[in-house]
Amino acid sequence: MTKIWIKTLAAIILIGLLIAFPKVMGVLNTNIFIGFAIMALFAVSLNLMLGYTGLLSFGHAMFFGLGAYTTALSLKHIDNLPISMALLLGVLGAVVCAVIVSPLLVRLSGTAFSMLTLAFGQLMYIVCLKFREVTGGADGLGGFPVPDLKIPFTGGIDMTDPVNFYYFAITVLGGCILLIWRFTKTPIGSVMISIRDNDNRVDYLGFHVPSVKSLVFIVSGGFAGAAGAIYALFQNMVSTDGVLGLFTSFNPIIMTIIGGVSSFTGPIIGAGLLTILEEFLLRYTDRIALFNGLVLILMIKFAPGGIMGIWDGVYRKWFKRRTLS
Amino acid sequence: MDATTAMYVGQIMHGLAYGMLLFLVASGLTLIFGMMGILNLAHASFFMLSAYFCVSVIHMGGNFWLALLAAPIITAVIGVMVERFLLRGIHASGHIGELILTVGVMMVIMEAVQVFWGTDSHMISVPSALAGMVNIFGLQYPLYRLFVIFLALAILGLLVLFLFKTKMGMIIRAGVSDAEMVEALGINMPLVFMMVFAAGTWLAGVAGVAISPLLSVFPGMADQMGMDAFVVVVVGGFGSLLGAFVSALFFGLLNSFGIQFLPRIAPVLMFVFMVLVLSFKPKGLFGERE
Amino acid sequence: MNILETKDLLFDYSGHKVLNGVNLEIREGERHAVIGPNGAGKTTLFNVITGSYKPSSGSIKFQGREISGMKPYQLNRMGVGRSFQITSTFAKQTVFQNARMGILSKQKVRFNPFSKVDKMHKITNETNLLLEQSNLAESADMPAGLLSYGKNRALEICLALSTDPQLVMLDEPTAGISKDETKTLVELIRKLTENKTMVIIEHDMDVVFSLADRITVLHHGEVLACDAPEVIKNDPFVKQAYLGTLEV
Amino acid sequence: MKRCFFLLRGVLTLLVLGMLVTSAWASDALMDRMADFDPSNPVVPKGDTIKIGHLNPFSGPAAMNGELYHIALHWVAHDLNKQGGVMVDGKLKKIEIIKGDTMSKPINAKKAAERLILGDKVDLLWGSTGSHISLVCQQTAAKYKKIYVSALSISDSLMDAENFNRYTFHTPWTTSQAAKSLAYFYAKRPEKKFYILCQDYSFGHALAEKFKGYLKEFRPDAEIVGEDYHPLFTKDFAPYLEKIKASGAEVIFSGDWMPDSVNLLKQSRDSGLNLPFANMYMDDPITLGVVGVEGSAGLVNANQYMINDMDPRTRELNKVWNHLHDSKWEEPYNSSLYVWPLGVVASAINTTYWMMDVVERAGSTDPEKIIATWEGDKYNSFAGVLEMRACDHVTVRDTYVSEFSHPAKWFDNFSYIDKIVTVPSYVVEPPLPEGLDRCKK
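Residue numbers (full-length UniProt numbering), protein chains in the order written: chain A, 1 to 325; chain B, 1 to 290; chain C, 1 to 248; chain D, 1 to 441.
Each hint can be trusted.
Using C-beta positions, here's what the derived DEER-type ranges look like:
1. Ile100(A) <-> Lys108(C): 22 to 32 Å
2. Ser336(D) <-> Ala129(B): 21 to 31 Å
3. Leu18(A) <-> Val272(B): 38 to 48 Å
4. Met310(D) <-> Ile265(B): 43 to 53 Å
5. Glu434(D) <-> Phe116(B): 50 to 60 Å
6. Asp79(A) <-> Val272(B): 27 to 37 Å
7. Ile265(B) <-> Lys3(A): 52 to 62 Å
8. Val314(A) <-> Gly62(B): 47 to 57 Å
Straight line, CA to CA, 30 Å or less: simulated DSS-like cross-link-like pairs of lysine-lysine:
9. Lys91(D) <-> Lys143(D)
10. Lys92(C) <-> Lys185(A)
11. Lys116(C) <-> Lys3(A)
12. Lys71(C) <-> Lys281(B)
13. Lys7(A) <-> Lys119(C)
14. Lys130(A) <-> Lys212(D)
15. Lys130(A) <-> Lys245(D)
16. Lys283(B) <-> Lys165(B)
17. Lys283(B) <-> Lys71(C)
18. Lys119(C) <-> Lys151(C)
19. Lys440(D) <-> Lys76(A)
20. Lys91(D) <-> Lys51(D)
21. Lys369(D) <-> Lys91(D)
22. Lys301(A) <-> Lys92(C)
23. Lys61(C) <-> Lys196(C)
24. Lys7(A) <-> Lys116(C)
25. Lys23(A) <-> Lys143(D)
26. Lys151(C) <-> Lys317(A)
27. Lys82(D) <-> Lys51(D)
28. Lys122(C) <-> Lys7(A)
29. Lys3(A) <-> Lys119(C)
30. Lys185(A) <-> Lys71(C)
31. Lys23(A) <-> Lys121(D)
32. Lys319(D) <-> Lys99(D)
33. Lys51(D) <-> Lys23(A)
34. Lys193(D) <-> Lys130(A)
35. Lys92(C) <-> Lys7(A)
If you're looking for bench data, these hints aren't it; they were derived computationally from the structure.
Fair warning: this is a prediction, and the values are worked out from it, not measured in the lab.
We put the beta carbon where it would ideally sit given N, CA and C, even for glycine.
Here chain A stands alone, though its shape is the one from the complex (with noise of 0.2 Å):
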């Protein structure tokens, strides 16, 4: 029973520090832990893929920047749409794109999956790049009203104050983490599990692979869609380079590696630490690229699973248990 209620506990002290957290660091570090929590759920949707299932894919971006685009354009167009409304239509967005680009995905596997998703992601790039009528192209889209959070009883929330969108998002943001979670304790979870280690034997035992991957391709694609939308209301300006570019891809991936690929919270704490670091480097130098370059390095080079598998090292060393995560 002592380990439900260490948990039970440890979430209640969470909840309380998430609580407080904007009262106690001021707005400016308000903002950067939504930033943080942005980039966690973007990473953890990706290591639903890459640590889960072992399909890298290059390409996150693509959901990432349709569900933002999508929020941003229905706000922009549909006047009086309600905040919820807005962001259901960016995951909406964001799935839509994974089931038409599944089928094409989900037959490859390895380097050719990741190069596929590279190209595909790169494709929609281009194309809001150029489409600047409807996508503001290079300038981005931004202006667009954010309307306040209606509940029924009370009046709206205001959501361009800060301290208000924080306590959204993070509900947001931290419920989609935990159904995430949810979603890898499932059967289909074990399955994708499966597949990671042996997709031939999978086949074998009568799971109909191909399936299953577009299943996790589609989920894991809606709630980077939903980051996205969180995106869009936070910063009330989306360009293509900001949530379509290259590095929009990279960075989930680097935050994962960083973290721990084989672990779920693996990826928020390499969300973290890259924003710790970033936050604290911008004072120092420009050249962030380059720190965030040369751990990368070093963490494949020396410690392949990231932090948790240090982590993980030391707890197996110390507690003498035989896990392998």
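Starting from the known structure of chain A, arrange chains B, C and D on it as the hints suggest.
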């Protein structure tokens, strides 16, 4: 030679010139992938690195020709060091580890360049011997771009001779189809890998030096060329030199005539081709290996 | 009635006829062994039947239905289970999780993204039952990658049977394990394939003769003989196929 | 009568003498003040200072723009700090410049602006190249009620009805002023066939539209023989140049800025296309130095500031700047790009002096006081009169166009500004944005 045919010939020549440079970069990329299964996303950064070395060589008093000799060799040395100390030990985590490591290398090179050579564009003037125009049945065409085409053709010839006529070339071709088997036959594959990586980076280095007088050398030059070369390798087929050559010319001409006739859609077309090929023929047009 | 029949099964691998018109009959509920010298085409026959390769021509009938060219997952759902010569289990997952994969497929819980798999007691109980039958219960929480080679072979067979197939095809189950471990494994196979039809490829003649009701001898991609074990034992042609030319 | 004549002459000479002395004195004063100015590592005052956030790309493809305007801001800060600072809230405060790296990406611009406002608590924001980036800075500043001086991007859309906000002041000229200046210049010129090649984003498209409109007005007989928009930071212009050659154009109109401007000019001259460019940003020594005298001959450059020696204060600025460049400055400010205070950099210095003058007259960095002082303000800058239009916060000024020729006073290794055509402000004044109620008469 009235205006429209002059324009067509001009665009074809530009297409060939850009296609040839694309081939130099893509050939290195596809050889390395064919041999070692590593798709080196940092390959275009070596192309840029060599251009910056060319700037330094010329800064320190050397002329363009010395730079054309020295810069690719320095880049190849750095390429070998990257393969030797970084890429070699991580076959364990499979292709995913290697792919992501090359992303790290790309990021480091792109930023390091700005630290050492600053952020503004460096100009390299066309070498005097090649400056000016030449008259080809009525069309004025810059001599330097012709030089680039012939340089690339010469290197292609060298490459083909090396691969198909020498013992080492045979080993490399065998390695492309089955590296383990060749190693089993007692050939020191790690050494061959290192040489292929050096050759691949050297090719990218030559392209980097060749392109600098045409364009200015500035931190953003790797992105465009990197993505184009990547599309060429994927469409041409991983590990296939012929595939790289054919698709490099195709995309070089597409780049020129795309801007000429359908400016808005030209870049999109390139990626549409890539998606189509990858979806229906993952091995690429001439590739043997996924 | 034959549960599995192949008619003039042909498979040529770029010119070389690996299977040259194989007619195989497996009766319902029998234990059938397929033997033959190396390179006779045993494993290829196996892979063609279980859907890994598409045959060049000829038909395969399972319970009366034509299955040539079907995908492995379709065959499995129809009731064909198989094991692999080279152990192919889920190294990073525990033995329990390995077995549970088969049970999930058996219970057709393939796309359920809602309920927690650990909370599905029906599945958990059935998995534990399977593990006990395969006497792997005590190493249930051990990752498959850390099992001994012998135990891994047992897990391999357990997986093959986990989807409760009518026809079980075992590809050299006892390959590479010691004499006494073979004994326990043979007992395990006999126990697990109680009322099922089994086809086994095996080189160890003791295993073949202790398990098989009938034996098919394959040589150069053709069926040399198909009869009871005693008959096969002293069939001159079989000896010749194995020992080369007959000393006169 | 004679005596009063004699008296008058005396006064006149005294006046001239005084002028000479003050300019001499003044120039010595500026020389003394700026003697220790080193842009590579500027003196950063601490304590209670007027903090100015400098938003520009300091990394990424257009990183050199950050470096370019860094010297402009620090020149003004250094000069005023040497005079004790600016009287604000009853105290003499020094000026402190804090960098905010936009990385040429709208999202990073928003983050940098927020960090400057909330983290460093800046009093004023100043920036930024790239209209799409400047728009983000402007919106972020307004969100936290901070003054944003949009000193570099010149898109009209930045101050139109949709994007206008009362905390933003537009000190440079605008796209329409630039386009109208060039069209005005070509009114009396023989060339008839124009080819438009601009960057494929809002600034490029807006500039092209405005130029076509004004050209029809000034030259109904002129003809646009072709129009292309190339992606930002294009590498290979050859296909575009080939199209231009075939189109028979006489002038190429391009609003490209660094690094596109230098690539375009260099590649066109290398491929034998010697047509003049009607441009706004091909006036820096790096770009022109590459193509030499013939390559830069005939370029028609329009600008909000052109280096000249008419006004004593500009003469003084040029003298001190050139002296410091030759004697003192190190990497990267000792390069040919910074020999003289030219075009965009000098204009930035000019408008920054204006900004600080407004702050001094407002006597505070409180946004409301600054807005009240700056709206409708007329300032006699060292490059002509600058007027801040009250209703839409856009600056109206004379603009200048010049055809480069050789030999020119300032540089000898390439053609440069010689005869300057001034376009009076009433001609080039931008139209009031419709739909902005503040501007309804």
